[in-house]
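Line by line, the protein sequences are chains Z and U.
Counting along the first sequence from 1, when you hit position 1 you're at 0 in numbering that gives the first Met the number 0, and nothing is skipped either side.
Counting along the second sequence from 1, when you hit position 54 you're at 53 in numbering that gives the first Met the number 0, and nothing is skipped either side.
Among the hints, a few may not be true.
[To be verified] For the chain Z half of the interface with chain U, some residues (derived, Cβ under 8 Å), not all of them:
#1 Lys21
#2 Phe22
#3 Ala23
#4 Gly26
#5 Leu44
#6 Asn70
#7 Ser72
#8 Arg75
#9 Asp76
#10 Arg105
#11 Thr207
Read the hints as simulated data drawn from the structure, not as lab findings.
Cβ coordinates follow ideal geometry from the N, Cα and C atoms, glycine included.
Read off the chains here:
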Amino acid sequence: MNDQLVIGGRSFRSRLMVGTGKFASPGVMRDAIEESGAEIVTVALRRVDLSKPDDDMLTVIDPEKYLLLPNTSGARDATEAIRLARIAVAGGLEPWIKLEVTPDHRTLLPDPVETLKAAEILVKEGFTVLPYMPADPILARRLEDVGTAALMPLGSLIGTGLGVRTRDAVEIIVDQASVPVVVDAGLGLPSHASEAMEIGADAVLVNTALAIADDPVAMARAFRLGTEAGRVARLAGPGATSTQARASSPLTGFLE
Amino acid sequence: MTQIKVNGENRLTEASTVSSLLSELGVVASIIIVEKNGTILARDRFANETITEGDRFELIKLMGGG
């Protein structure tokens with residue numbers, strides 16, 4: 000099936016993106032990413048820990064094989080996010096950025112005002128911007144208006160594993176969007192990834208659910224299958240639901 | 000010895016350039032970004048960028064993240 004995800008003019012076969020945080024070991028992370036089939040892998044930018052100056056995650060993630068998508072995690076406002084995006088490019092990464100502005104430590108909810116502000120500036124600077132955003136259809140329109148390459152509404156709070164609690168809003172966003180919608184945050188099970196894809200998301204992003212599973216590699220496979228199942232189901236065109244029983248077997252020709 | 004700040008910590012260094020500072024600290028990474036006094040330094044300037052008293056450096060690299 001030639002069903003490709005196109006973001007910012009680039010095509011991807013996989014509709015599952017994975018994050019690289021919180022894995023127990025670099026080897027497990029590498030194997031889980033491989034098993035997930037992901038082609039887009041998110042990374043964070045942080046100060047070098049001078050007590051471990053030779054620590055380098057890129058020894059296990061091949062930048063030739065994956066598109067490294069730096070995030071602006073830790074940014075509390077637009078200025079900090081823009082600084083991180085520029086730092087990523089200075090490091091030699093492609094000008095793609097997962098824009099995250101999360102001023103509130105308790106909820107890690109994205110700040111819609113600062114996110115929009117940063118998105119507008121980064122798009123003008125030539126970045127391919129994928130904004131992590133509240134599942135707000137009006138904000139989605141505003142972000143698209145300033146030229147973001149995708150929309151990344153949250154399913155539920157980061158790291159909670161609660162699934163697509165924002166289902167109704169995501170459906171509206173999907174319905175009106177002309178750029179890919181990537182459900183990010185809160186997906187805890189493959190069924191959540193499948194649900195997001197079934198309601199029309201173009202892709203999903205998962206990190207914690209893989210990293211904290213007893214077997215991250217097996218969970219990565221499960222998420223790959225869940226994402227694919229949801230996508231295929233969406234393309235297959237689900238039938239209408241009903242509150243009344245509708246017999247699957249003929250109601251005629253019963254034996255006497 | 001020159002008194003500088005690296006990632007918020009005061010340090011004395013014998014290094015005279017950014018490249019030699021990275022070697023002195025043992026920093027090895029495929030991707031390393033340096034900010035000097037709040038300005039990003041292009042990688043091709045590491046070898047010639049000199050270090051003077053009071054300079055503030057931020058050394059940044061890629062970490063696991065979602």
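Any hints this thing doesn't respect? Which numbers, in order?
3, 4, 8, 9 and 10
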